[in-house]
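Those protein sequences? They're chains S and H, same order as listed. What the first sequence shows, in my numbering, is residues 1 to 399, in sequence order. What the second sequence shows, in my numbering, is residues 1 to 399, in sequence order.
Hints were generated in silico from the structure; no laboratory data involved. Please read these numbers as outputs of a predicted model, since none were measured by experiment. Some hints could be false.
For chains that are exact copies, the list does not tell them apart, and a pair is met inside one copy or across any two.
What the hints assert, rightly or not - In the BS3-like style, the derived pairs of lysine-lysine whose C-alpha atoms are separated by at most 27 Å in a straight line are:
1. LYS200 - LYS318
2. LYS348 - LYS139
3. LYS192 - LYS326
4. LYS343 - LYS81
5. LYS348 - LYS146
6. LYS96 - LYS25
7. LYS13 - LYS192
8. LYS96 - LYS139
9. LYS378 - LYS96
10. LYS7 - LYS139
11. LYS169 - LYS200
12. LYS25 - LYS343
13. LYS201 - LYS336
14. LYS25 - LYS62
15. LYS62 - LYS13
16. LYS201 - LYS348
17. LYS318 - LYS81
18. LYS188 - LYS343
19. LYS146 - LYS7
20. LYS81 - LYS348
21. LYS201 - LYS318
22. LYS81 - LYS169
23. LYS139 - LYS169
24. LYS326 - LYS81
Here is how the chains run, residue by residue.
2 protein chains.
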Amino acid sequence: MLAEQYKAMLGGKSVIRILSEFAAKRGEEIGYENVFDYSLGNPSVETPQAFTECCIRLLQEKDPMELHGYSPSLGILSVRKRVAESLNRRFGMNYKAEHIFMASGAAGALAHAFRAVTEPGDEIITFAPYFPEYVPYVKQTGAVLKVVCADRESFQINFAAFEEMMNEKVMAVLVNTPNNPSGIVYSKETVKRLAEFLNKKEEEYGHDIFLISDEPYREITFEGTQAPYLSAFYPNTISCYSFSKSLSLPGERIGYVAVNPACRDAETIVNMCGQISRGIGHNCPPSLIQLAVAQVLEETADLSVYERNRDLLYGCLKELGFTCVKPGGTFYLFPKALEEDAKAFCEKALAYDLILVPGDTFGCPGYFRMAYCIDTEKVERSLPAIRRFVRSEYGMEHV
Amino acid sequence: MLAEQYKAMLGGKSVIRILSEFAAKRGEEIGYENVFDYSLGNPSVETPQAFTECCIRLLQEKDPMELHGYSPSLGILSVRKRVAESLNRRFGMNYKAEHIFMASGAAGALAHAFRAVTEPGDEIITFAPYFPEYVPYVKQTGAVLKVVCADRESFQINFAAFEEMMNEKVMAVLVNTPNNPSGIVYSKETVKRLAEFLNKKEEEYGHDIFLISDEPYREITFEGTQAPYLSAFYPNTISCYSFSKSLSLPGERIGYVAVNPACRDAETIVNMCGQISRGIGHNCPPSLIQLAVAQVLEETADLSVYERNRDLLYGCLKELGFTCVKPGGTFYLFPKALEEDAKAFCEKALAYDLILVPGDTFGCPGYFRMAYCIDTEKVERSLPAIRRFVRSEYGMEHV
């Protein structure tokens, strides 16, 4: 008498989880420091000291009734206000507190965004390669997730395939830039073209099409660049943010939904999020953490580590002859495997204690993901293993 | 193009919210200390110092990567283990970590329990008077909430009405003892009779019937008594707990699901909770808070305040001639109004700066709720206002 849909999910263990468990087990044999575990997208740099100090100060000084009291269902007003102000300052936006809904991480934010703008049977389009959790995230809303195949040259949007897939039932387009798993940052040109295309389709279909922008990696960009802020290009944008990566706080479940004030129903959507929460048992992110992040909104952990790691790995992979689009952000690389079957490729890598994730998981077979959110010292030590793996398994032509 | 079901919910503001907003507004005029606001069920005693100290110690001493890292989707293993051990010690149970799922408060716990054991169209039975949020909680799962009318003599279970409502489609029975809004604690006799009845019906229907026990008030009982631990009486019990009331931490969103090990599918249900999380964006409760509560599982805030408040109010109400079942726990009283229309009664009370909530909201018209989680000093000051209200509006026969 248990719910079949969830029971059925128990069988399907995620490939990433299996690989990460393999890494842990191998670690018990040879020491985890000797396993080059590129499987998991967990931040590897410490939360800034300012965040820790802020939590301690709140715990020591603030009235506990206020500190630990119920957050209003949309989030603590002063926190929402600060988030709005920070986004306005950084991205030239026009948010007020009324446009911000505090959510428990990006997963919580997306759960609300999907439910607010789709009815069961509606379609949500996303682009390969994509974060595989989008599948269960969308499935339970009753909407249908459709995936546009990748532009393998650039991992920007494959507009030809997108146009072909577009239809009247599409109520939302889900993008993730900087992107997991490709590390690619959508260019201004891509974002402009996307906005123009959606504007045209809104007019053609006579209904809104919402751009749901999943941006937990927004702050992790390289070479001093900033990722285009999507909401600045398209009014019907719902930005879903998480502090998990920028502040290295994945366990504290804190993020927000920001609805572009130019969107016709902006405040309604935020208020609807409060109603959606009641049905999914979300309520509010932890109040202590809400109050603490509000004090350090523009701080980040030392994200430069990820750029150093990218440089080391990208250099090594290019030297070995890999085809690989150079990531502009995140802590992921997504090179082409050296044989058609990326699963076989990643399987062979295990013998060299290299844990790589086949691209099949991300809707892009033939590629593999490396999550280089690990110590730089370990990245350095992994380079000889990568070289040995490629030379032994795929011969000298790749050297 | 917004989701109709959530948009439609925006109109219906909760009566409790309206009253609480009225109280805040009136407070601006005459000082909030002069408004006898019995509307909201928010804890009014501070979290124990031990909890605060524990958080600070974790922030100061624990490796931040570990402290703020992703919690496994079922909760941090060491925390689940401690919860199991504490329940075993206190209630003679047999839980292991495998039977515990950490959830973000009781709302989060219930969201998982409902989804685990019902399919759309299945029925969940609960008993009036009941917490009104059960309606949106259940609605979004696709199951149907049915309410058994109250036994107004005792606010124990109305078994005659329950038997009449019972049918094959009922997959879960939802109980809340100590009860919001009545303050009643189910007696051992009630719980035994409930277990016997459910056993009989399981056999008759040939399927499991789960008892979902919502117990955020478990620790708030009076006169040194302990509330019967439901799971000890019925194997197919899913206990949904929150630390919101016992530790005065409603904003921190921390609780758990505990599935009775004697339940055939106990571990499967816990694992299913991990899958349900993916679809509703819940993921895990904040890791700092998980680790902190695990250190103070058997501490509580100073809950004796609620018993003092009950004594003062109950004494006053009885003296004034009210019909009122004496609460055995929680911080609620649920007396019969002095006229048939409890809404009119509560409306009149506003003129005396008494904020009372009509029982209609809780599926029990003709009664009203007083949430006496306020300072004892304020309760004392409210007694003359209650006396004036009753004498002026309802005459001397009630004195």
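Comparing the hints with the structure gives:
1. LYS200 - LYS318: neither (40 Å within a copy, 70 Å between copies)
2. LYS348 - LYS139: Neither, since 33 Å and 49 Å both go past 27 Å.
3. LYS192 - LYS326: within (21 Å within a copy, 66 Å between copies)
4. LYS343 - LYS81: Neither, since 47 Å and 36 Å both go past 27 Å.
5. LYS348 - LYS146: Classified as neither: same-chain Cα gap 32 Å, cross-chain 57 Å, threshold 27 Å.
6. LYS96 - LYS25: Classified as between: cross-chain Cα gap 23 Å, same-chain 49 Å, threshold 27 Å.
7. LYS13 - LYS192: neither (38 Å within a copy, 40 Å between copies)
8. LYS96 - LYS139: Neither: 32 Å inside a chain and 32 Å across chains, both beyond 27 Å.
9. LYS378 - LYS96: Neither, since 44 Å and 37 Å both go past 27 Å.
10. LYS7 - LYS139: both (15 Å within a copy, 21 Å between copies)
11. LYS169 - LYS200: Classified as within; 15 Å inside a copy, 49 Å across copies.
12. LYS25 - LYS343: Only inside one copy: LYS25 and LYS343 sit 20 Å apart there, 64 Å across copies, limit 27 Å.
13. LYS201 - LYS336: Intra 34 Å, inter 59 Å, cutoff 27 Å: neither.
14. LYS25 - LYS62: between (44 Å within a copy, 24 Å between copies)
15. LYS62 - LYS13: Neither way: LYS62 and LYS13 sit 43 Å apart in one copy and 31 Å across, limit 27 Å.
16. LYS201 - LYS348: Classified as neither: same-chain Cα gap 46 Å, cross-chain 56 Å, threshold 27 Å.
17. LYS318 - LYS81: neither (46 Å within a copy, 47 Å between copies)
18. LYS188 - LYS343: neither (34 Å within a copy, 58 Å between copies)
19. LYS146 - LYS7: both (24 Å within a copy, 25 Å between copies)
20. LYS81 - LYS348: Cα proximity of LYS81 and LYS348: none, with 51 Å in one copy and 38 Å across.
21. LYS201 - LYS318: neither (40 Å within a copy, 68 Å between copies)
22. LYS81 - LYS169: Answer is neither; intra-copy 35 Å and inter-copy 47 Å both fail.
23. LYS139 - LYS169: Both: 16 Å inside a copy, 25 Å across copies.
24. LYS326 - LYS81: neither (37 Å within a copy, 45 Å between copies)
Hint violations for this structure: numbers 1, 2, 4, 5, 7, 8, 9, 13, 15, 16, 17, 18, 20, 21, 22 and 24, all remaining hints satisfied.
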